[in-house]
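Engineer: Order-wise, the sequence lines are chains A and B. Heads up: the first sequence runs through residues 53 to 167, numbered per our numbering. Heads up: the second sequence runs through residues 154 to 267, numbered per our numbering.
Please keep in mind that the hints were generated in silico from the structure rather than gathered at the bench. As the structure is a computational prediction, the values presented were derived from the model and not from experiment. No residue lacks a Cβ here, since even glycine has one placed at the ideal position from N, Cα and C. Treat the hints loosely; a few may be bogus.
No farther apart than 30 Å at their CA atoms in a straight line, the calculated lysine-lysine pairs in the DSSO-like style are these [as the list claims (entries may be wrong)]:
#	chain 1	residue 1	chain 2	residue 2
1	A	117	B	254
2	B	221	B	254
3	A	59	B	214
4	B	254	A	59
5	B	254	B	214
To be clear about the criterion: a stretch of chain A counts as covered by chain B if any three or more of its residues have a C-beta under 8 Å from a C-beta of chain B, and this derived list gives those stretches [what the hints assert, rightly or not]:
#	segment
6	82 to 95
7	155 to 162
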Amino acid sequence: SAVISQKPSRDICQRGTSLTIQCQVDSQVTMMFWYRQQPGQSLTLIATANQGSEATYESGFVIDKFPISRPNLTFSTLTVSNMSPEDSSIYLCSVEGLAGAGTQYFGPGTRLTVL
Amino acid sequence: AQSVTQPDIHITVSEGASLELRCNYSYGATPYLFWYVQSPGQGLQLLLKYFSGDTLVQGIKGFEAEFKRSQSSFNLRKPSVHWSDAAEYFCAVGEVMGNEKLTFGTGTRLTIIP
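Work out the full structure: start from the sequences and follow the hints.
Structural biologist: Next up, the structure:
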C-alpha cells in the first residue's frame with residue numbers, strides 16, 4: 053500500500069480565512085480523492101482529482117469553496133476557502149491502490165477547527 | 154445509487170468475546186465491499202476487501218467478513234477481541250463499473266470493556 057502524508061495535521065483558523073491542505077504520496081497514482089469527516093460523522097467524498105484534468109466535485113461541493121490542485125502524480129492540495137465554523141472537520145485524502153477495483157488508502161487526515 | 158447501512162451506532166463487548174459488526178448495502182450488481190477501521194485521531198486503515206470469489210475474506214488483525222448476496226450483507230467478525238480493537242469501523246461499497254468512488258456507512262463505534 054502507498055504511504056500517504058498530509059500537512060498540516062491540524063490547524064485552528066479564523067472565520068473568513070482559507071487553508072490549504074497538502075497530500076503527498078510516495079508513489080505515482082492516477083486517482084486521488086478528498087473526503088470530509090464532520091464531527092461524529094462518516095466520510096463524505098468532496099471530489100476526485102486526476103492529474104492533468106479538472107477535479108470532479110460531488111453534489112453539494114463547489115470549486116470556489118474547495119479548489120483542488122493536482123500538479124503531478126504524487127501530490128495534491130485542497131483549499132478550504134472563506135471558512136466558517138461549519139467547515140470544522142477532518143479532511144482526508146486517499147489514493148487508489150495498486151490492486152485497483154476501488155481499493156483506497158487514506159492519509160492520516162487534517163483536523164481543522166474554525167473559530 | 155449505492156448506499157451502505159450500518160445499523161449499530163455503538164457496540165460494547167468484553168475483551169476476549171466474539172464480535173460481529175453488521176453492514177448492509179444497496180447496489181444494482183455485486184459490488185466491491187470494504188471494511189475500514191479508524192482509531193481515535195487517526196486516518197482510515199483498510200481491514201479487508203471483497204471483489205469476487207470466495208465469500209469469506211480474511212483481513213488483518215484477525216478480522217474476517219462474509220459476503221452474503223441473498224442478504225445484501227457484508228458483516229465483519231472477530232472471534233476474540235482485544236482492547237486495542239476499540240475504534241470506529243466503517244463499511245464501504247465501491248462501484249464495479251465506474252470511477253472508483255467509495256460510499257461509506259455511518260460507522261460503528263466499538264468499545265471494549267475489561
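Engineer: Evaluate each hint against the coordinates.
Structural biologist: Hints and how they fare:
1. A:117 x B:254: holds, 21 Å
2. B:221 x B:254: holds, 22 Å
3. A:59 x B:214: holds, 28 Å
4. B:254 x A:59: holds, 23 Å
5. B:254 x B:214: holds, 25 Å
6. 82 to 95: Since three or more residues must qualify, the claim that chain B covers the segment 82 to 95 of chain A holds, with 5 doing so at under 8 Å.
7. 155 to 162: Per the Cβ count (7), the hint holds.
In this structure, none of the earlier numbered hints is contradicted; all agree with it.
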